[in-house]
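Asks: Chain by chain, the residues:
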Amino acid sequence: MKRVTAEYFAIFREQAGLGEERVESNAATVGELFAECAVRHGFADPRERCKVAINDELVAWETPFAEGDLVLFFPPVAGG
Amino acid sequence: MKRVTAEYFAIFREQAGLGEERVESNAATVGELFAECAVRHGFADPRERCKVAINDELVAWETPFAEGDLVLFFPPVAGG
Amino acid sequence: MHCRIDHEPLESDALRSAMIDRRAGGFVAFEGWVRDHNEGREVVALHYEVHERLAIKEGERVLTEALARFEILDAVCHHRSGDLALTEMAVWVGVTSRHRAAAFEACRYIIDEIKARLPIWKKEFYRDGDSGWVNCVGCAQGHAHHAHASRDGQSRG
Amino acid sequence: MHCRIDHEPLESDALRSAMIDRRAGGFVAFEGWVRDHNEGREVVALHYEVHERLAIKEGERVLTEALARFEILDAVCHHRSGDLALTEMAVWVGVTSRHRAAAFEACRYIIDEIKARLPIWKKEFYRDGDSGWVNCVGCAQGHAHHAHASRDGQSRG
Numbered sequence: 008m009k010r011v012t013a014e015y016f017a018i019f020r021e022q023a024g025l026g027e028e029r030v031e032s033n034a035a036t037v038g039e040l041f042a043e044c045a046v047r048h049g050f051a052d053p054r055e056r057c058k059v060a061i062n063d064e065l066v067a068w069e070t071p072f073a074e075g076d077l078v079l080f081f082p083p084v085a086g087g
Numbered sequence: 008m009k010r011v012t013a014e015y016f017a018i019f020r021e022q023a024g025l026g027e028e029r030v031e032s033n034a035a036t037v038g039e040l041f042a043e044c045a046v047r048h049g050f051a052d053p054r055e056r057c058k059v060a061i062n063d064e065l066v067a068w069e070t071p072f073a074e075g076d077l078v079l080f081f082p083p084v085a086g087g
Numbered sequence: 190m191h192c193r194i195d196h197e198p199l200e201s202d203a204l205r206s207a208m209i210d211r212r213a214g215g216f217v218a219f220e221g222w223v224r225d226h227n228e229g230r231e232v233v234a235l236h237y238e239v240h241e242r243l244a245i246k247e248g249e250r251v252l253t254e255a256l257a258r259f260e261i262l263d264a265v266c267h268h269r270s271g272d273l274a275l276t277e278m279a280v281w282v283g284v285t286s287r288h289r290a291a292a293f294e295a296c297r298y299i300i301d302e303i304k305a306r307l308p309i310w311k312k313e314f315y316r317d318g319d320s321g322w323v324n325c326v327g328c329a330q331g332h333a334h335h336a337h338a339s340r341d342g343q344s345r346g
Numbered sequence: 190m191h192c193r194i195d196h197e198p199l200e201s202d203a204l205r206s207a208m209i210d211r212r213a214g215g216f217v218a219f220e221g222w223v224r225d226h227n228e229g230r231e232v233v234a235l236h237y238e239v240h241e242r243l244a245i246k247e248g249e250r251v252l253t254e255a256l257a258r259f260e261i262l263d264a265v266c267h268h269r270s271g272d273l274a275l276t277e278m279a280v281w282v283g284v285t286s287r288h289r290a291a292a293f294e295a296c297r298y299i300i301d302e303i304k305a306r307l308p309i310w311k312k313e314f315y316r317d318g319d320s321g322w323v324n325c326v327g328c329a330q331g332h333a334h335h336a337h338a339s340r341d342g343q344s345r346g
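Protein chains in written order, with our numbering: chain A, 8 to 87; chain B, 8 to 87; chain C, 190 to 346; chain D, 190 to 346.
Worth flagging that the hints you see were computed from the coordinates, not collected in a lab.
Even glycine gets a Cβ: it sits at the ideal position worked out from N, Cα and C.
Keep in mind that a hint or two might mislead.
Said to hold, decoys possible - No farther apart than 20 Å at their CA atoms in a straight line, the calculated lysine to any residue pairs in the SDA-like style are these:
#: 1; chain 1: C; residue 1: 246; chain 2: A; residue 2: 9
#: 2; chain 1: D; residue 1: 304; chain 2: C; residue 2: 291
#: 3; chain 1: D; residue 1: 304; chain 2: C; residue 2: 290
#: 4; chain 1: A; residue 1: 9; chain 2: A; residue 2: 41
#: 5; chain 1: D; residue 1: 304; chain 2: B; residue 2: 56
#: 6; chain 1: D; residue 1: 304; chain 2: B; residue 2: 83
#: 7; chain 1: D; residue 1: 246; chain 2: B; residue 2: 67
#: 8; chain 1: C; residue 1: 304; chain 2: D; residue 2: 291
Unchecked claim - Each pair of labels, with its calculated beta carbon distance range:
#: 9; chain 1: A; residue 1: 63; chain 2: D; residue 2: 290; range: 30 to 36 Å
#: 10; chain 1: D; residue 1: 191; chain 2: C; residue 2: 277; range: 37 to 43 Å
#: 11; chain 1: A; residue 1: 49; chain 2: D; residue 2: 276; range: 29 to 35 Å
#: 12; chain 1: D; residue 1: 276; chain 2: B; residue 2: 38; range: 36 to 42 Å
#: 13; chain 1: C; residue 1: 257; chain 2: A; residue 2: 62; range: 25 to 31 Å
#: 14; chain 1: C; residue 1: 257; chain 2: B; residue 2: 49; range: 29 to 35 Å
#: 15; chain 1: D; residue 1: 290; chain 2: B; residue 2: 31; range: 51 to 57 Å
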């Protein structure tokens, strides 16, 4: 069981009703962690269209995370 | 024998030493007229890279001209 | 080369003038403006949310790629954050080059990558009072509806 | 849609602002600047000679073609005439569109055609005192040398 801080942006923040939360999880990767958070908060965007960062660095969904990490979940982007 | 006014631009004006002149010619087309002017003034640019206009309208080299026309000879362009 | 996130209106004249270079024969700029329609809906305003540190980092990665890939002299990108009105500039990309072809290609590459890769989100506010996050599914519906509505006074329906 | 020949410095900010359009999501501008080299020679200034009536007519033909060929909202072109210093703007092309791809393609088309088709001639003045008409053969040599030299104090040597 690892404890991390999950941070949500844009529609994820609105759907979760909060910008960040402390999460405890047995997930092995940030992809698994995202799946847990998505179920809990009703995130509907498919993972392939979203992005994840650990401590301000974009990473692949298969990346493991460590106790105390800051994990950022980004819904589909729309700059410009 | 037709009399026209020939007008020269840019390098043609410099090579001719004048911006326009009255010309008398038996040429049938503006292309033939250009050939005569080019020999007289030493224009070196190949005709395919030049343009000709009659009375402010661009025309093909095969176009005939009429007594009193204003014939404009344009060396290779270089806008922009 | 730099990428910046701006909280005040972008001034294209100042951005352009900062790129003047005696070696440059061509300058290409792209500006993204807030337009009054999107996908058939009438838009009255936009809100951009930006993760600034990552947006700048990823934006400068895009510019570095463009400088390596195209024969250009310099490339700069500015993107707005916050609330924007119709016709306001959301993004500015400027590229200088010796010859124009490279500036066109690089500018196009940069704006395409900026839009696809930077952590920037766009919320549209519609004439009918509705709103929605562009490219996202199921905006602010279901159980999150109330949290959303109370947060910014807008809801999808 | 219009094409103009300008005798005073081009002001990109005013040109851009005149194109603002609530329907437009994308704006692409091309600026041609006087650069300090051409084909290996050091350039210190330029002179543009323009046949204005025909340049405007042909320029507006190009813009009309672009409006028919690409999904754009508006297209404008301004070209300088006269003497220009290094880094001055020689030509400005602006295009607005709903979606950016069309604006890029139209802007590129317009500047390519403008350069190839408008009756505009460019004389370069070089660091070594020499000068020459760009794209032309045998500039100001031979029997025209003296007329040329006396005309503007420059010669190719």
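Asks: Decide, hint by hint, whether the structure agrees.
Replies: Consistency of the hints with the structure:
Between residue 246/C and residue 9/A, the direct Cα distance comes to roughly 28 Å. Violation of the 20 Å bound is thereby established for this hinted pair. For the suggested pair residue 304/D and residue 291/C, the alpha carbons sit about 16 Å apart, so the restraint of at most 20 Å is met. Taken as a hint, the residue 304/D and residue 290/C pair is honoured in the structure, with Cα atoms around 13 Å apart against an allowance of 20 Å. The straight-line distance between the Cα atoms of residue 9/A and residue 41/A is roughly 14 Å, inside the 20 Å bound, and the hint therefore holds.
Between the alpha carbons of residue 304/D and residue 56/B the distance comes to roughly 13 Å, so the proposed pair stays at or under 20 Å and holds. Between residue 304/D and residue 83/B, the direct Cα distance comes to roughly 11 Å. Compliance with the 20 Å bound is thereby established for this hinted pair. In summary, the hint linking residue 246/D to residue 67/B is supported, as the alpha carbons are separated by about 17 Å, within the 20 Å threshold. Proximity of residue 304/C to residue 291/D is assessed by CA-CA distance (about 16 Å); at most 20 Å being required, the pair is judged to hold.
Restraint check, residue 63/A to residue 290/D: a C-beta distance of roughly 32 Å satisfies the suggested window 30 to 36 Å. For residue 191/D and residue 277/C, the Cβ-Cβ distance of about 25 Å falls outside the hinted range of 37 to 43 Å, so the restraint is violated. Taken as a hint, the range 29 to 35 Å is violated for the pair residue 49/A and residue 276/D, whose Cβ atoms sit roughly 56 Å apart. About 41 Å separates the C-beta atoms of residue 276/D and residue 38/B, a value consistent with the hinted range of 36 to 42 Å.
Checked against the hint of 25 to 31 Å, the C-beta distance between residue 257/C and residue 62/A comes to roughly 27 Å, which is consistent with it. Separation of residue 257/C from residue 49/B is about 48 Å and departs from the stated range, judged on CB atoms against 29 to 35 Å. Separated by about 55 Å at the C-beta atoms, residue 290/D and residue 31/B satisfy the suggested range of 51 to 57 Å.
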